[in-house]
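Got two chains here, each in a separate frame; can you build the complex from them with the hints?
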Amino acid sequence: MLTFTIRRLLLAIPTLLFISLVIFLLVDFAPGSPMSQIPLTVPPEVRAKIIEAMGANEPIFVRYLLWLKQFFWVEPLVMIDGIFGTTYAEGMQRIVSWQSRSPVMDIIWQRIPQTMTVVGSAYIIGVLIALPIGIYSAYRQYSWFDQFGTLFAMIGFSVPTFFTGVVLILVFSVNLGWFPSIYDTTLKVTDWETFLKQVRQMAMPVAVLALYNAAQISRYMRSSMLDNLGQDYVRTARAKGMPERTVVLKHVLRNSLIPMVTVIALGIPTIFGGAIITEQVFKVNGLGALLINAIQGSDLPMVQTLTFIFAVLIVMFNLIADVLYGMLDPRIRYD
Amino acid sequence: MTDTSAIEKPRSQWADVWAQFKTHKGALAGLTVFVLLILFVTVGPFIWTKDPTYINPNAAEMIRTRNKPPSWQFPLGTDQLGRDMLARMMKGGQVSIAVGLVAMAISILLGTLVGVMAGYFRRLDGPLMRLTDLFLALPLLPLLLVMVMLFRDPLARAMGPEGGTFLLIVFAIGVTSWMQAARVVRGEVLALKEREFVLAARSIGTPSRRMILRHILPNVVSPIMVAATLGIASAIITESALSFLGLGFPPDFPTWGRLLFDGVDYIQQYPERVMWPGIAISLTVLSVNYIGDGLRDALDPRIRGR
Numbered sequence: 001m002l003t004f005t006i007r008r009l010l011l012a013i014p015t016l017l018f019i020s021l022v023i024f025l026l027v028d029f030a031p032g033s034p035m036s037q038i039p040l041t042v043p044p045e046v047r048a049k050i051i052e053a054m055g056a057n058e059p060i061f062v063r064y065l066l067w068l069k070q071f072f073w074v075e076p077l078v079m080i081d082g083i084f085g086t087t088y089a090e091g092m093q094r095i096v097s098w099q100s101r102s103p104v105m106d107i108i109w110q111r112i113p114q115t116m117t118v119v120g121s122a123y124i125i126g127v128l129i130a131l132p133i134g135i136y137s138a139y140r141q142y143s144w145f146d147q148f149g150t151l152f153a154m155i156g157f158s159v160p161t162f163f164t165g166v167v168l169i170l171v172f173s174v175n176l177g178w179f180p181s182i183y184d185t186t187l188k189v190t191d192w193e194t195f196l197k198q199v200r201q202m203a204m205p206v207a208v209l210a211l212y213n214a215a216q217i218s219r220y221m222r223s224s225m226l227d228n229l230g231q232d233y234v235r236t237a238r239a240k241g242m243p244e245r246t247v248v249l250k251h252v253l254r255n256s257l258i259p260m261v262t263v264i265a266l267g268i269p270t271i272f273g274g275a276i277i278t279e280q281v282f283k284v285n286g287l288g289a290l291l292i293n294a295i296q297g298s299d300l301p302m303v304q305t306l307t308f309i310f311a312v313l314i315v316m317f318n319l320i321a322d323v324l325y326g327m328l329d330p331r332i333r334y335d
Numbered sequence: 001m002t003d004t005s006a007i008e009k010p011r012s013q014w015a016d017v018w019a020q021f022k023t024h025k026g027a028l029a030g031l032t033v034f035v036l037l038i039l040f041v042t043v044g045p046f047i048w049t050k051d052p053t054y055i056n057p058n059a060a061e062m063i064r065t066r067n068k069p070p071s072w073q074f075p076l077g078t079d080q081l082g083r084d085m086l087a088r089m090m091k092g093g094q095v096s097i098a099v100g101l102v103a104m105a106i107s108i109l110l111g112t113l114v115g116v117m118a119g120y121f122r123r124l125d126g127p128l129m130r131l132t133d134l135f136l137a138l139p140l141l142p143l144l145l146v147m148v149m150l151f152r153d154p155l156a157r158a159m160g161p162e163g164g165t166f167l168l169i170v171f172a173i174g175v176t177s178w179m180q181a182a183r184v185v186r187g188e189v190l191a192l193k194e195r196e197f198v199l200a201a202r203s204i205g206t207p208s209r210r211m212i213l214r215h216i217l218p219n220v221v222s223p224i225m226v227a228a229t230l231g232i233a234s235a236i237i238t239e240s241a242l243s244f245l246g247l248g249f250p251p252d253f254p255t256w257g258r259l260l261f262d263g264v265d266y267i268q269q270y271p272e273r274v275m276w277p278g279i280a281i282s283l284t285v286l287s288v289n290y291i292g293d294g295l296r297d298a299l300d301p302r303i304r305g306r
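Listed in order, the protein sequences are those of chains A and B. The opening residue of the first sequence carries number 1 in my numbering; numbering runs sequentially from there. The opening residue of the second sequence carries number 1 in my numbering; numbering runs sequentially from there.
In isolation and in its complexed conformation, chain B is listed as follows (with noise of 0.2 Å):
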């Protein structure tokens, strides 16, 4: 008779990562602090009812209230054109991280088909990773600037400027950022291919599309899950370097970037204005490079649990 009470109770993956990714300190800080903005952009309109793209329509009284210091009427100061910064930077916070999500979305999916069909189906492996190869050899912020500039005005008469501008943008960051994941993912996908599993799999008669969504995809997610919290960052950072070149978002449609190249045209009579969104754009991309760099520790099992 076995002693089943000598047996410890079976641990989930989950939970050992999560165990692992509490000791990196770096990563849990980023974590809270990531929370936290997300919060302040999600619920904090719903606290702070200002209207962002309010403009006085008495322009003797917007007048009086332009350019106005911090108060408790206007915690974060107004604008040139008497507009709530801290309404307009919860608005900005909405667009600059939707950007970040959806453009890490689109090019983490295409990362990992293409990475997925290179590394399972032997044939495909040359075209897609010459087409790899190939992607990473253009010059992709001056492409990015002229995708922007040549499909902006047919876009936004097409769906309306806000629409037309975040699909635009969305799509053409995550066209241009697939090929780290690809790359990475067809790797770990050709080291699986060895497996046993994979091979018992096979040998009794498992389809190729049950055996990549069953036995594949499940195994690569730890890399999957990294490459996209890096992707985040990067994604939020060329949104608002399109914005600040001024080929972004459309002027009256807050993002950060847009703030802050709004900004920098009172850099000297006012540079708080500057200081507000460049200093969440940082903190953003600060806590998720963290959160990235704890879950890669968390998610190496030669690291977990030692």
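Only chain A is shown next, with the shape it has when bound in the complex (with noise of 0.2 Å):
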């Protein structure tokens, strides 16, 4: 298992190398480069400057090596220097933003507990209320509860974040006014009356993207469940006399909980992708509203770096949800 952990770790390296440098080339041979958008009538001697300034006139490849060794080298110092209060970093250049000009990961550092609270704590609204519906169809399989569930599901990812958000906001704060169609990131929970207020605020693009996770997640928890109910095991357990509370919750449950392990750790990063458009729609300060931002902006470091954390993510649950199904799986032992 060790091994198998230590050969998946070394197998992400060059898979991130090569995604950072896709990401990198990407965006810079577009032709829609911030090179020409300073005006025309900037005098050519400006311009170079302008450029040189941006460290934008050096090749590509001498970049994309210091962009990574700002990555992965100056960025860990400096938040090692944030944590101990060493300085490592000092006088280190790190990567900076062209539209603000401050560091980029400091700004995606402010960003980070928005997008954390809302995305978050609608994941596991989502697979809280997933579970139980995936349990009970498949436990009551073709039954009117059933039927029911696979209608919701269907809806809960045919119809579209950003349509769902949108009838949230017409019908609770244009028609009944009960929530603030725009998210305030300035709020403070400080006592109770801010913390009912946060929780309104929360409660349309969280319960938008609950729905989304919730739709998905329930069908895989209602296969894993038909799985495992068909199983010798089960017919065993039922006729020793064990009751069926039993049967179904301590032993097919635990069984049909191990597949869905890989199912939530893989949705983790895609719902951080997903929350790009229900931050849009309710107007979250978040990481999807900085790359929006970025992307308009010609925002090239900014860009970079935080598609590449989306990519960082993805590969690292993908570890995550690979050994952790080899460590609770006694079956399937990579080596």
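Derived from the structure by calculation, the hints contain no laboratory data. Heads up, a few of these hints could be off.
If you only want the chain B side, here are some residues facing chain A, beta carbon under 8 Å, derived [to be verified]:
| no. | residue |
| --- | --- |
| 1 | V43 |
| 2 | L134 |
| 3 | L140 |
| 4 | G278 |
Label-pair ranges, simulated between beta-carbon atoms [said to hold, decoys possible]:
| no. | chain 1 | residue 1 | chain 2 | residue 2 | range |
| --- | --- | --- | --- | --- | --- |
| 5 | B | Q80 | A | L9 | 50 to 58 Å |
| 6 | A | V171 | B | T53 | 29 to 37 Å |
| 7 | A | R140 | B | D153 | 50 to 58 Å |
| 8 | A | F145 | B | L36 | 46 to 54 Å |
All C-beta atoms, glycine included, are put in the ideal place defined by N, C-alpha and C.
Put into structure tokens, the structure is as follows:
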């Protein structure tokens, strides 16, 4: 198991390097680069100065290697400095945003809490809704509850999140006036009243994302339960005269949760990507909004870093899912 | 002498598939809705001949026909420039569904090519599957946004705003969504290669090209068809998401996602302007998903005929 984990970790390095190269080249070779957005009235020598100040006049491989060094060496050092108060990274050049001229990672750290509170709570709520639905629809297969669950799941992943979001805004903030339609990121939770306010403004984005995730996860849970309900050990347990409750909730549920660990772990990076749209609908000032802003402002370092962080999340959770699966299911040992 | 009348008439495979498909109520309803939607966007403009981009040149009259509620003259009302919403819905649907179909075709073509190559030629299997894994690890929505943002203007200049954006979006969606199809096809091809009929064909010296086209491909049609239907649904959602983020088609070129995006600004005064395109997108995707569900059951020989 340990060798498998180490081998997977080593394999992740070339994967990440390749992805970073793809992202870097795609953004860099594109014809709509920021260099073409400097007004033509700017004299050529000033233009050359601007490009030099952006650091965009170096050959591409120099910039790629510099970016790699900054991302994998300088930024972790800055993080260590921040935690332990050391000065390893002093005087080192960090990845700097072209829009705001401040280090990219500082802005990202400011935005992460907003995304995490909304996306994180939505995912947890989604999983908590999905598991019971999946368990019960599998146990009573083809019952009205199962039919209803199927319909719910079908609608859940067919209706796009931007439409559910807009409909919720229409019903609950335009017509009923219960929730605010715009997420206020400056709100600090200090007492009971601000906490209620925070819950109110989170309700709609969380509901949209939770519904979408619950629809998918409940399907996986249902089929995983169905796989296990037909197994021989279930018949044996029933034949021994075990109470139905113990059979379903102890024996079957525990075994069906094993594949769910993978499904849930693999879903985490995709919801970060999907949250871009929901954040845009409810004006949540998170990572998605940051990416959209950076794209519209042709802020190449920000776009490259953010996209790469999304890629790191995907690779990391793939790895976690694989390793967890091997640990939980003794039939699958990779070595 | 054998009694020929006792032998049942041979049934074709597709008749069987259709018979099974008909028993799936959701799939049948989905097919009906999808056909109706297609008729709405293709035949509709010939019946309802208003120009979707017509803005009254007489400014006073234009202002009077702005933001109209539904009436006999404008069944779905008009938008902030006095353009007829029904005509815009039809035009927008044409684009959205066309994007879905073409992007699906590209992704299925790529996926089948990679899948068959990886499954059939053992030497290509490793590299092609590594490539598929790499693509699966890419953050797709951010990359799509970046691609559209960076390549939209140059392509629009080269091929006109509509054609250029259409090509770019269709190509971008196709290139980022072929991986699932490739994996499924590869699995099927690997299993088929062990079958006797492939061995028989090989023993009479069938060259690889004919082997793939005559013996392998017809047998992997069913998973490809299921992947294709589900591909249409996800391509339509992706296109409307891009339009919704303001990174899709240009503003005067309606698609359902773009209409929804434009309607959000007026959501307080004219909520129906958000509802129509939203309902249209949701209905299309829902019906296509149900068709895919029914097809999967109908094409599975273990379920069929029971």
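Now the hints, each set against the structure:
1. V43: 25 Å, violated
2. L134: 6 Å, holds
3. L140: 7 Å, holds
4. G278: With a minimum Cβ separation of about 4 Å from chain A (threshold 8 Å), the hint on G278 (chain B) holds.
5. B:Q80 - A:L9: 50 to 58 Å: Holds, at about 55 Å.
6. A:V171 - B:T53: 29 to 37 Å: Given range 29 to 37 Å: holds, Cβ gap about 32 Å.
7. A:R140 - B:D153: 50 to 58 Å: 56 Å, holds
8. A:F145 - B:L36: 46 to 54 Å: 30 Å, violated
Of the numbered hints given earlier, the model fails hints 1 and 8; all others are met.
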